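J.: Residue-level listing of the chains:
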Amino acid sequence: MVESKHKWKAWLYLSPAIILLLIFTVWPIINTVYMAFSEKYSMMEAFTGKQFTIGFGNFEHVLVKSVGTVGSDFFRALGNTAILCVITVPLSTILALLIAVCLNSIKPLQKLLQTIFFLPYVTNSIAIGMVFAAMFQVIGMAPDGSEAISWGLINEFLKVFGVDSIDWLGSTDGDYWANITVMVVYIVWNALPFKILVLLGGLQGINKQYYEAARVDSTSKFRVFRKITVPLLSPMISYVVITSFIGGFKEYSSIVGVFGEDMNGGRLNTMVGYIYTNIEKKQGYASAAALVLFVIIFIVTMINLYVSKKKTHY
Amino acid sequence: MKVVLQNLTKIFPSRNKKAGGEVVAVNDFTFEIPDGKLIGLLGPSGCGKSTTLYMISGLQKPTGGKIFFGDDDVTELSTENRGIGLVFQNYALYPHLTVKQNILVPLQNLKGENKLSKQEMLERAYEVARLVQIDELMDRKPGELSGGQQQRVAIARALVKMPRVLLLDEPLSNLDARLRLQTREEIRRIQRETGITTVFVTHDQEEAMSISDMIVVMKLGVVQQTGKPQEVYDNPTNLFVAKFLGTPPINVFNGSIKGGKLFLGDSAVLDVPELEDRENVYVGIRPEGFVVDPNGPLSCDLSSLEVMGRDVSVVSRHAASINPVIRSIVDADNKIDPTSPTINYSLKRHKVFIFDGETEERIYFEV
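Top line first, the protein sequences correspond to chains A and B. Residue numbers are given in numbering that gives the first Met the number 0: position 88 of the first sequence equals residue 87, and the series is strictly consecutive. Residue numbers are given in numbering that gives the first Met the number 0: position 269 of the second sequence equals residue 268, and the series is strictly consecutive.
It is worth saying that the hints were derived from the structure and are not from the lab. Just so you know, not all the hints are guaranteed correct.
Cut-off 30 Å, straight-line C-alpha distance, at most; resulting in silico cross-link-like pairs (BS3-like, lysine-lysine) [as the list claims (entries may be wrong)]:
#: 1; chain 1: A; residue 1: 106; chain 2: A; residue 2: 220
#: 2; chain 1: B; residue 1: 140; chain 2: B; residue 2: 99
#: 3; chain 1: A; residue 1: 49; chain 2: A; residue 2: 64
#: 4; chain 1: A; residue 1: 308; chain 2: B; residue 2: 117
#: 5; chain 1: A; residue 1: 281; chain 2: A; residue 2: 110
#: 6; chain 1: A; residue 1: 220; chain 2: B; residue 2: 350
#: 7; chain 1: B; residue 1: 99; chain 2: A; residue 2: 220
#: 8; chain 1: A; residue 1: 106; chain 2: B; residue 2: 65
#: 9; chain 1: B; residue 1: 36; chain 2: B; residue 2: 218
#: 10; chain 1: B; residue 1: 347; chain 2: B; residue 2: 334
#: 11; chain 1: A; residue 1: 64; chain 2: A; residue 2: 280
#: 12; chain 1: A; residue 1: 207; chain 2: B; residue 2: 65
#: 13; chain 1: B; residue 1: 227; chain 2: B; residue 2: 350
#: 14; chain 1: B; residue 1: 114; chain 2: A; residue 2: 220
#: 15; chain 1: B; residue 1: 99; chain 2: A; residue 2: 226
#: 16; chain 1: A; residue 1: 308; chain 2: B; residue 2: 99
#: 17; chain 1: B; residue 1: 114; chain 2: A; residue 2: 207
#: 18; chain 1: A; residue 1: 220; chain 2: B; residue 2: 110
#: 19; chain 1: A; residue 1: 310; chain 2: B; residue 2: 110
#: 20; chain 1: B; residue 1: 110; chain 2: B; residue 2: 99
#: 21; chain 1: B; residue 1: 334; chain 2: A; residue 2: 309
#: 22; chain 1: B; residue 1: 36; chain 2: B; residue 2: 242
#: 23; chain 1: A; residue 1: 308; chain 2: B; residue 2: 140
#: 24; chain 1: B; residue 1: 1; chain 2: B; residue 2: 110
#: 25; chain 1: A; residue 1: 226; chain 2: B; residue 2: 114
#: 26; chain 1: A; residue 1: 207; chain 2: B; residue 2: 110
#: 27; chain 1: B; residue 1: 350; chain 2: A; residue 2: 207
#: 28; chain 1: B; residue 1: 1; chain 2: A; residue 2: 226
#: 29; chain 1: B; residue 1: 257; chain 2: B; residue 2: 227
#: 30; chain 1: B; residue 1: 99; chain 2: A; residue 2: 309
#: 31; chain 1: B; residue 1: 227; chain 2: A; residue 2: 226
#: 32; chain 1: B; residue 1: 117; chain 2: B; residue 2: 60
#: 33; chain 1: A; residue 1: 309; chain 2: B; residue 2: 117
Quick partial rundown of chain A residues pointing at chain B, CB under 10 Å, derived from the structure [unchecked claim]:
#: 34; residue: 90
#: 35; residue: 204
#: 36; residue: 208
#: 37; residue: 209
#: 38; residue: 211
#: 39; residue: 212
#: 40; residue: 215
On a predicted model such as this, the values are computed, not experimentally measured, just so you know. Heads up, the beta-carbon is just placed ideally off N, CA and C, and yes, glycines get one too.
The following block holds chain A by itself, in its conformation from the complex:
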């Protein structure tokens, strides 16, 4: 224990971090809660000193009244987010695990490949989004409406296998699942580097003797992976899953990167997108939606922690 007469020193050393946290994290959180429960909150009116009635009006708007309104349906945003999470988190985790195991088992070029796999992580997500948009590019539909005319790399590639061009980025009336496919490919590709890095670090921390012992006992490669690698890596895997669920719920900029700010007429809007579109004029709605998002992330993370506690071997 620090002697009491020196305690002020401890606070002094902590103060820069504490002050910054108070200003930029704690105060905004308190403010968000206040705004969420202030009916018809408007920042302009707040400056004039107007008092707002406290109530659930904002939540009512977000969860009930917005339903069905084109482009600003909260549940549509929630649905999009959930679909992206449920598909991309397992997919990217499994892919990252396989790539990390492969990377770990090769000696030559390991560092070079590691660097290549890490490149997406250090690249701006809007820029990557534009590249993806170009790859999936479609100019328009053929006059008879039978197929999309395209010079995008992906459609050119599919043509080799005799697949008709697909209107990947199709706007409001296009194929919704084609849009989602693009997003899934994009998010998985974008999420891989960090996961590979974490899992590779975990793999390299596993004592080599376990593998030697497994060899002595003539354990097959698949059994080694299932019985030794995965369990010993499980703390890392659960870390990766939890953080990527949280990341998935915050998905927004990547969609803007690929589909533009309009997000196909709001059809591909996500939770963060919903909050963001409301933030300029209707801070009350945005705050309420933010709190709902917080509760959802909290519940999902709790479930994650509960499951991983049962399955993780520390």
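Given chain A, work out where chain B should sit, using these hints.
T.: Positioned in the frame of chain A, the structure of chain B alone reads:
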């Protein structure tokens, strides 16, 4: 299953390519391990004993030479197919599996005609667990066991598939002194009961001497001497082996041979009529080779006495001694006056070894 090592050599390439100089870890090792015996590979760290063990296991490939299990040449056979059991220095128990699951792993890997039913696996696992006396710990995780218990689990895991050869890498080094004594007896017992040819590596000569049927003393990758522990102790072929075996260690002196007599400094201590004159020799005398004798030829300055009941350990000094002090162990019946400034000894001929001053090889004389 006898194990034959033929001209076994392992050379590690140098880390620093510019500086050159590869490391010869094991050099031309030839030895036959008889069936069903317990062999101790003994030497200071860096002598190549572990490398030899790992070459027998197949985890390391020899640079030259051959390894036979019985009549099969296994030199090119991979570890998976050698049918060996290996106990690692740190045991390498899978931390996420229970003791039972750890022991079952080797059985679950059996394929083809050797495949066992679940029931048979469990029976085998419990059988071997009873042998090493851990059958009450089967549902614990390794982290919940003491060092000695983990060690037994590791042995059980190595034994359960009935290996052709059992290999142990420094099996006792992680245990405390009392447990070490106990466990080495256990290893002896288990080896006797199973009759599996066993090789273990240790740097502790006492450990190797006490339980091995045969020991192999190594130094810098070269085998110095092989034989039964007592034979090697009684008849070391060179100064290194003489110094490495025995507690307290052998007393070494600078000596010379003149006119058929062995001199330590100015005192002629032994008659060695068949040896030619030599200026410089090393003389090793086992602690039990000293006899307290008021008329003895070797006169030393008495430092202290340590009474140990049956024996007395006498610490004394002599100008020709290479060790700072001479330790001798004599019968407690000798009444030694602790205040006396000097003590005189005569020597037991068969406890005195003469080594060449240059090569440190043994110079034999008539006992």
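J.: Look at each hint and say if it fits the structure.
T.: These are the hints, each one checked on the structure:
1. A:106 to A:220: The hint holds at about 18 Å.
2. B:140 to B:99: With Cα atoms ~9 Å apart, residue 140 (chain B) and residue 99 (chain B) stay inside 30 Å; holds.
3. A:49 to A:64: Measuring from Cα to Cα gives roughly 25 Å; hence the hint holds.
4. A:308 to B:117: holds, 29 Å
5. A:281 to A:110: violated, 49 Å
6. A:220 to B:350: With Cα atoms ~57 Å apart, residue 220 (chain A) and residue 350 (chain B) exceed 30 Å; violated.
7. B:99 to A:220: With Cα atoms ~22 Å apart, residue 99 (chain B) and residue 220 (chain A) stay inside 30 Å; holds.
8. A:106 to B:65: holds, 28 Å
9. B:36 to B:218: holds, 23 Å
10. B:347 to B:334: It holds: about 19 Å lies between the C-alpha atoms, which stays within 30 Å.
11. A:64 to A:280: holds, 17 Å
12. A:207 to B:65: holds, 26 Å
13. B:227 to B:350: holds, 17 Å
14. B:114 to A:220: holds, 18 Å
15. B:99 to A:226: holds, 14 Å
16. A:308 to B:99: holds, 22 Å
17. B:114 to A:207: With Cα atoms ~28 Å apart, residue 114 (chain B) and residue 207 (chain A) stay inside 30 Å; holds.
18. A:220 to B:110: Roughly 14 Å between the alpha carbons, so the hint for residue 220 (chain A) and residue 110 (chain B) holds.
19. A:310 to B:110: holds, 29 Å
20. B:110 to B:99: Since the Cα atoms of residue 110 (chain B) and residue 99 (chain B) sit roughly 20 Å apart, the hinted pair holds (cutoff 30 Å).
21. B:334 to A:309: Distance of about 71 Å is beyond 30 Å: violated.
22. B:36 to B:242: At roughly 26 Å apart (the allowed maximum being 30 Å), residue 242 (chain B) and residue 36 (chain B) satisfy the hint.
23. A:308 to B:140: Answer holds: residue 308 (chain A) to residue 140 (chain B) is near 16 Å, not above 30 Å.
24. B:1 to B:110: Holds. Residue 1 (chain B) to residue 110 (chain B) sits at ~25 Å (cutoff 30 Å).
25. A:226 to B:114: holds, 19 Å
26. A:207 to B:110: holds, 25 Å
27. B:350 to A:207: violated, 47 Å
28. B:1 to A:226: It is violated: about 34 Å lies between the C-alpha atoms, which goes past 30 Å.
29. B:257 to B:227: violated, 34 Å
30. B:99 to A:309: holds, 20 Å
31. B:227 to A:226: Answer violated: residue 227 (chain B) to residue 226 (chain A) is near 43 Å, above 30 Å.
32. B:117 to B:60: violated, 35 Å
33. A:309 to B:117: Distance of about 25 Å is within 30 Å: holds.
34. 90: Interface hint status for residue 90 (chain A): violated (26 Å vs cutoff 10 Å).
35. 204: This hint is violated: residue 204 (chain A) lies away from chain B, its Cβ roughly 13 Å from the closest one there, beyond 10 Å.
36. 208: Holds: closest Cβ of chain B sits about 4 Å from residue 208 (chain A), inside 10 Å.
37. 209: Holds, about 6 Å.
38. 211: It holds, given that the least Cβ distance between residue 211 (chain A) and chain B is near 6 Å, below 10 Å.
39. 212: Constraint on residue 212 (chain A) satisfied, holds at 4 Å.
40. 215: holds, 5 Å
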